[in-house]
Structure formats: C-alpha cells, structure tokens
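Number of protein chains: 2
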Amino acid sequence: MSVASSGGRLGRRQFLSGAAAGLVAGAAGPAAAQQGSGPLQVPVWTREQGEGIASPAYGVPSAFEKSVIRKPRTPPKFPTAASTGTPLQHLHGIITPAGLHYERHHAGVPAIDPEQHRLVIHGLVERPLILTMNDIARFPSVSRLWFLECSGNTPQWTGGSAKWTVQETHGLISCSEWTGVRLSTLLDEVGLKPEARWVLAEGADGAAMTRSIPLDVVLDEALVAYAQNGEHLRPEQGYPLRLVLPGIEGNMSIKWLRRLKVGDQPFQSREETSKYTDLMPDGTARQFTFVMETKSVITSPSGGHQLREKGFYEIRGLAWSGRGRIRSVDVSTDGGATWRPAELQEPVLSRCLTRFRVPWTWDGGPALLQSRAVDETGYVQPSRQQLVDVRGVNSQYHFNGIQTWKVAPSGEVTNAA
Amino acid sequence: MSVASSGGRLGRRQFLSGAAAGLVAGAAGPAAAQQGSGPLQVPVWTREQGEGIASPAYGVPSAFEKSVIRKPRTPPKFPTAASTGTPLQHLHGIITPAGLHYERHHAGVPAIDPEQHRLVIHGLVERPLILTMNDIARFPSVSRLWFLECSGNTPQWTGGSAKWTVQETHGLISCSEWTGVRLSTLLDEVGLKPEARWVLAEGADGAAMTRSIPLDVVLDEALVAYAQNGEHLRPEQGYPLRLVLPGIEGNMSIKWLRRLKVGDQPFQSREETSKYTDLMPDGTARQFTFVMETKSVITSPSGGHQLREKGFYEIRGLAWSGRGRIRSVDVSTDGGATWRPAELQEPVLSRCLTRFRVPWTWDGGPALLQSRAVDETGYVQPSRQQLVDVRGVNSQYHFNGIQTWKVAPSGEVTNAA
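Going line by line, the protein sequences match chains A and B.
Per the numbering used here, numbering of the first sequence is gapless, rising by one per residue and ending at 485.
Per the numbering used here, numbering of the second sequence is gapless, rising by one per residue and ending at 485.
Mixed in with the good hints there might be a few duds.
It does not matter which identical chain is meant; a pair holds if it fits inside one copy or across any two.
As the list claims (entries may be wrong) - Derived lysine to any residue pairs resembling SDA-like cross-links, with alpha carbons at most 25 Å apart:
1. Lys231 x Tyr381
2. Lys474 x Ser342
3. Lys134 x Ala122
4. Lys474 x Ala484
5. Lys134 x Glu119
6. Lys343 x Glu119
7. Lys378 x Leu436
8. Lys231 x Thr472
9. Lys231 x Ala205
10. Lys139 x Gln224
11. Lys145 x Glu377
12. Lys378 x Asp256
13. Lys139 x Val128
14. Lys343 x Gly120
15. Lys134 x Asp203
16. Lys343 x Thr357
17. Lys134 x Ser123
18. Lys343 x Arg115
19. Lys378 x Pro409
20. Lys134 x Pro124
Rather than coming from a laboratory, the hints here were simulated on the basis of the structure.
Next up, chain A with everything else stripped away, as it sits in the complex:
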C-alpha cells in the first residue's frame, strides 16, 4: 500500500503532548513509577533486568498467550482416537508453529526411539530393504512448504453451532515446511517390479494405521519426511518419520512410518473401507477420494471475535488447493450479493496455504462475511448448497463449501454456515 493512501485510518486516538513525550522518553519520576505501568509511566519491565539467555534453552510462548493452544471441538470419549484443531483465529501469515499443528491420532502418540526405528520397503520390489534413520538422512533431500488438512475438517454438512470459532470449523488444517527424501528416490533404491501399481504405507503406532496409495501419487512429490519447520518432526506429527502427500487428505500422510509394501492393487485396509469413504445420497460410497479440493476461510474477523467500534478493519483469511496454486480469492461482506478481490500474500506456492487480505470499513450494521477461492485449474470453491446438492448430507468428509461469518450490530461475530 502506498504511504499516501492510508492516513487517519483509525480515526481519533490518544494524541501526545510534548510533556507526555518527555515522560515516555524515560523522565518519569518516582511517583509515576510507583503508579505502575500506565502508558505514561516507566513500566516495571523497563526498570528491572529481565530473564537471562537460554531460559529455557528451548523457548516457549509468553505466559500472556496461554489461551493460544490446540483444542478438541468436544471432549473426546477416547483421547487416543481423537483430534485437536489449530487456533487459526490467533494466527498470522501461513506457517503453523509445530506446537499448534492440528492432531488426529488413531491410537495416541507413540514415543519412538529413532535409534531403534526402521523403515521396511518390500512387496513388488527387486531388492527389499530395511533402512535406519541414519541411512535415510544420507539420501538427497528436498524441502517443501505444504498444507495438511484432515478430510473431516469443517463438519458443516448439516450446518454447525453458531458458537463455533474458526478453530472448531476449520482448525484441522496446518501448514509447515517439510524436509525429507522423495518417496520415488527410495523406491528407485529398491527397484519397482513392472506390475507395481499401489503402495501400502503402515505406521508404527498402536493402530498400525495403514492406507493404500496409487503409484501416480507416490511418484508425484510424495516425501518421506523427518523434519518440519526446520527441526525434526514433533511426536504428534510422526517422529521420527512420516509420509507427506501434498494436497491429499491428511490421514494418508502416514505418521510414524515403519513399512512400505508395493502391490498391484489397493490393499482395502480398514481405514479405506469402513472409514474415510464418502456416503452418497443413493447409499453408495465414494472410495479413494484423495485430493483436498479448493477451499478458503476468513480467520479475522471470525466466530467469537468482538468488533469494538465502527471503522477500518482488515479482513484476513487463508486459501488452499490440493490441485496447485491459488489463483484468486474474492471476499463478500453482504452474504455473497457483491464480491471484491482480495490481495494474495506472496509467495503463492502450490499446495500451500495462501494468506489473503482485503480492507473493510464496518458501518456498524449487520454483515455476512464470506470468501471464495479459485485455484490455477479454474476450480471455484462452491457454496454450501451447491456442495449439498451433489453430495447430500450423509458424508463426514471433504466439506469445502464457502464459510459465512455473521457480524451483529453489537459487533459479535458468529458462525452462520
């Protein structure tokens, strides 16, 4: 934005007299200091030394941020087979801190010793192989900024609670820089047999989570990842080794990866038959619905936020597509009657979150905030009704409809999906 265009954005605010400036500059007397930490006194944290270095040696957030945590939508009956959402309403940019990455576990988080961990590759291969973590670290590596989204994210097929925040409606998505070895590099090491068509990936957790992956997905950009946002994977994200399949429903990016078996057809595991299929209106089930389609959501203002006064706000949100880059995002403040193009934050990367922003002046009246993303293939994010017309309301997965946030004259923001 140009410097000239943004004057007086917040309207009247507390202006400063020369005398006050003197105080702020550090000339406050003992009396002022006694009064504590108002804007015009010297606060205690300026009058005293702070914490020394490396305390702790691995840093943690400020105590004032203790409400910014992962949370389940409802208290789970089985905490080892449940999920937690990322607090998108508190986040900025596109990177998700590893400590706030969403979770979905089928038998809890195992505590795996990397020295003992092995990856086995067998089945329709020329040279079955067992690899240690040291072996895997030796291979050529790549890094990619990719989102991961649970196929169960946004359970609004039949609408949701007005009280839901964006953490509850859309929190099962996160974005990280992943580093590891291309799965194609490892399969080349063992040599695929001509009849190879599918790969079974198995986790070392108590669920021995297994999914079948078609060879075209495997040979795309699939990573066997050992690092996330610079450091080694977090336990909840598959430490010490996980699959990362860009743009594909999260449960297939098998965590705690211990085995890859190459076959000539899908293995029909529990997690791709009784689970992770989409029940259609006619009673049939869509199976192997891998790709997470184009989707977006406004994260600010969003459910649970409270606008304190009329005037300027920046509408901020996230958009993503399992098929490539986001081409454009339009934003509406009147429930879809009119739309304005949002600004996309560079760099816009394939199968990565894209941050969008658009200026908005709230007049104090009711408003319905929506965002609609288009990806580089031309796919347009559908309305909830367009989606339900095709898929019905029996499905638990792959909801990518347009989200609506309702702003009341009181400034209260609620879920209107």
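Keeping the supplied structure of chain A fixed, place chain B upon it in accordance with the hints.
Then chain B, alone, in the frame of chain A:
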C-alpha cells in the same frame, strides 16, 4: 532428481527375506515381542496405546531431541547481556523454529503485558500518537520470510577454535515468517515533517536499547512486527512488538518496541558509538554499517559431525544476502582448488535464508569443505584473507568470509577457518 539416476546410493544395506518381512508386517510371536524393539520385533510403541491428544496442548519436541537447544558459545559473565546460537547443525530447510531462534539481549528478556504496552510515535511528525496493541492489529498487515543475523555472528577475524560447531561459528542467524504493519504505514498515520531524515527506535527492556535508522531504510520494507512463524512473537524476540529491518544487522531490529522518535540526524546512541561500529586498521571506526553482506555456510557435514563410512553424502548449507536474492552458491571439497555449483531450494526469496545442496562421494581421504555465495547484485562472498586485507583484524562485527570445514580420514569434521 529422476528416479532412474539414484540407484544403490548407499551401497550394501540389510536386505530383507520374505520371512523377515512377515515379522515386520506384524506377525511377531510373543517371544520376539519380549525381546523388545529390534528391527524384526514388534516394538512396545506398536503394542500399546500412546499419549492422548493435546498433551501438552502446546506441543514440544521429542525427549530424544533434548540436545537440540540454543547455547551460548561460552558461559556468559552476565546472562542478561549475552547471546545464544541456533543449532544449525541439526536443522533442515530455511525456517527456524521460534524456540531455537538465536538470542542477543542487552538487559535480559522483559515479561511485558500486551494490554499495558504502548507504542509512542513523536518528534518531527504532524500528529504525535500513542498506539495500543489493539490499534496496531487494526492496520493493514504484511508477512515476509526474512533472516535476522547478529552483526557479531562468526567471530573468526583471527580464526576460531578447531572444536567450534556451526552453532558456535554461525549460530547467530535465524529465519522466520514475520507479520506486522509496515513502519511506513504508521509514519504516514502521524505525518512526517519535511525535515525528517532519521528515526530513533527504543525498546521497553531494561537497556532501553536505542538505534538510529535512516529514512530510506525505514521506508523500504521495515516492519513493526507482532507475529513470528504464525504465532505472536516469543518473549526473547520482542513480545509483544518489535522492529524487523530486512537485511540489516540484528541489533537494529529493536525488540520490545515502545517508542519511535523522528529527527533530522542520527541520535548517536551508546549502541551506535561505543558499540556496533567497526574498528579499522588505521584506528578509525566504520559507523552505521547496517547491511549484512552476502554469506554462506555448510551446515552438514560441519564441525563436530563424524562421517561413519566412505560413500555418498549430501553436502547441505545455507546462504543469504542483506541486499536481495541469492543468485548462486558454489561448493568446494578441496579447499577452493575446484568448485561445483550447488542446487538452490525454491523458493529463493529476497533477504531470506536459501538452502543449498550438492551430492558428494567421500573417498575416505582428507577434505576441506567450503561454500561461496553470490547474490543478485553480483557480490561474491570473499575469502577470509580477502576480508582481512581490507578490514584488518580489529573488528568484532560483519565477518562474512568463506567458512572451511576440515574432514579427517577418521571422518572427524573440525573448524579450519
């Protein structure tokens, strides 16, 4: 890399018999299970449920990663006026986890209540202003992936200890996604007077750290940042508000930012006169040496690493320039006699870390590993000698010479700068 080109990279490894495959697939009997967690038994973490969700609700690294921490090079006499380095030897990609971002404090880390924190903007402005954190969050925001480097990083003007790791030679650099308000947006809000030329930035810490910033740097892309890698700033990084000046020595990105005073000349604060100036051979001092020049370092293999066997290794490192994008990085394994171009990991961003990689087959003999970066302006990273010929050895700051790691036939890697 193409699938066809990478066969048999690691040479002979443990191959798998059909029977063993059966065991790995989960058919291990009780006897095998009793034996614990060898590669061919079912490990305890597969036989039991793991931790439930959100424990903790803000995630932490695996207990097996407890050696990956920030560390000072030597135990500091004054822990509140000291620095810690990022463990680059353990990191991948370009993002630095906030918990491992390098530290440099002048009076420790203050614990600031964001509700009480204020930013004052005064001096040669039309409308002096006091802003709350809520006010600042309302302004149009931008996100940028930028490195921060301490001007004192790499203290090898007179060589360093052979025992130094890359955490000790180069650890005072980190890279984050920063989100906040352009400083130019805030200065437009208050209105600069015609004679405005410099801005004093002041921290709310016990040192009231102050630096003078020329207007061209301020009006470039300087951010008043409240977020880092998605979440709000960490306390050690200036919570709740800091300046981020891309490509500029780290101490000027004032943390715990409480005041901006606009003037017509530099303010000659302690930190730009007695400190953070470069003493030249003729006894004069270079002042206002802002830009961090083009630099690179190999992070693997690097000091303290131990190569276990001959054969294939991927040489990995980081390159950066305070003047823009990295154009190319060359790598030598023979002390600079011959050079090979490294592959740069996309996206290559301006004033951001760039990860480079090059394949290497170690023949078991002695080797001298070096990297040399070139930025988009054509600037070539100098050798240590070229740098010393111009600057002498009195300076404590702005060392960007080529780093040499010595590989012994034993596989031990040491600092040979």
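Structure-based check of all given hints:
For the identical chains of this complex, Lys231 and Tyr381 are intra-copy neighbours only, at 22 Å inside a copy versus 54 Å across copies, given an alpha-carbon limit of 25 Å. Taking CA atoms no more than 25 Å apart as the test, Lys474 paired with Ser342 passes in neither setting, with 36 Å inside one copy and 57 Å between copies. Taking CA atoms no more than 25 Å apart as the test, Lys134 paired with Ala122 passes in both settings, with 20 Å inside one copy and 14 Å between copies. For the identical chains of this complex, Lys474 and Ala484 are intra-copy neighbours only, at 6 Å inside a copy versus 63 Å across copies, given an alpha-carbon limit of 25 Å.
For the identical chains of this complex, Lys134 and Glu119 are neighbours both inside a copy (19 Å) and across copies (21 Å), given an alpha-carbon limit of 25 Å. When the C-alpha separation of Lys343 and Glu119 is checked against a cutoff of 25 Å, the pair qualifies only between copies, where the shortest distance is 22 Å, while the shortest distance within a copy is 50 Å. In this assembly of identical chains, Lys378 and Leu436 lie within 25 Å of each other by CA distance solely inside one copy; the values are 15 Å within and 64 Å between copies. Taking the shortest Cα distances, Lys231 and Thr472 sit within 25 Å of each other inside one copy (13 Å), while across copies they are farther apart (59 Å).
In this assembly of identical chains, Lys231 and Ala205 lie within 25 Å of each other by CA distance solely across copies; the values are 24 Å between and 46 Å within a copy. In the homo-oligomer, the alpha carbons of Lys139 and Gln224 lie at most 25 Å apart inside one protomer (18 Å), although the nearest pairing across protomers, at 47 Å, exceeds that limit. In the homo-oligomer, the alpha carbons of Lys145 and Glu377 never lie at most 25 Å apart, since the shortest distance is 41 Å inside one protomer and 50 Å across protomers. Proximity of Lys378 to Asp256 under the C-alpha cut-off of 25 Å is restricted to the inter-copy arrangement: shortest distance 21 Å between copies versus 61 Å within a copy.
Taking identical chains as interchangeable, the C-alpha atoms of Lys139 and Val128 lie at most 25 Å apart whether they share a chain (18 Å) or sit on different chains (15 Å). For the identical chains of this complex, Lys343 and Gly120 are inter-copy neighbours only, at 20 Å across copies versus 51 Å inside a copy, given an alpha-carbon limit of 25 Å. For a Cα distance limit of 25 Å, the shortest separation of Lys134 from Asp203 across copies, 22 Å, qualifies, whereas the shortest one inside one copy, 40 Å, does not. For a Cα distance limit of 25 Å, the shortest separation of Lys343 from Thr357 inside one copy, 12 Å, qualifies, whereas the shortest one across copies, 61 Å, does not.
Within a single copy, Lys134 and Ser123 get their C-alpha atoms as close as 18 Å, and across copies as close as 14 Å, so both meet the 25 Å cut-off. Proximity of Lys343 to Arg115 under the C-alpha cut-off of 25 Å is restricted to the inter-copy arrangement: shortest distance 22 Å between copies versus 59 Å within a copy. Only within a single protomer do Lys378 and Pro409 lie at most 25 Å apart by alpha-carbon distance; the minimum there is 22 Å, versus 56 Å between protomers. For the identical chains of this complex, Lys134 and Pro124 are neighbours both inside a copy (16 Å) and across copies (12 Å), given an alpha-carbon limit of 25 Å.
Checked against the numbered hints above, the structure violates hints 2 and 11; every other hint is satisfied.
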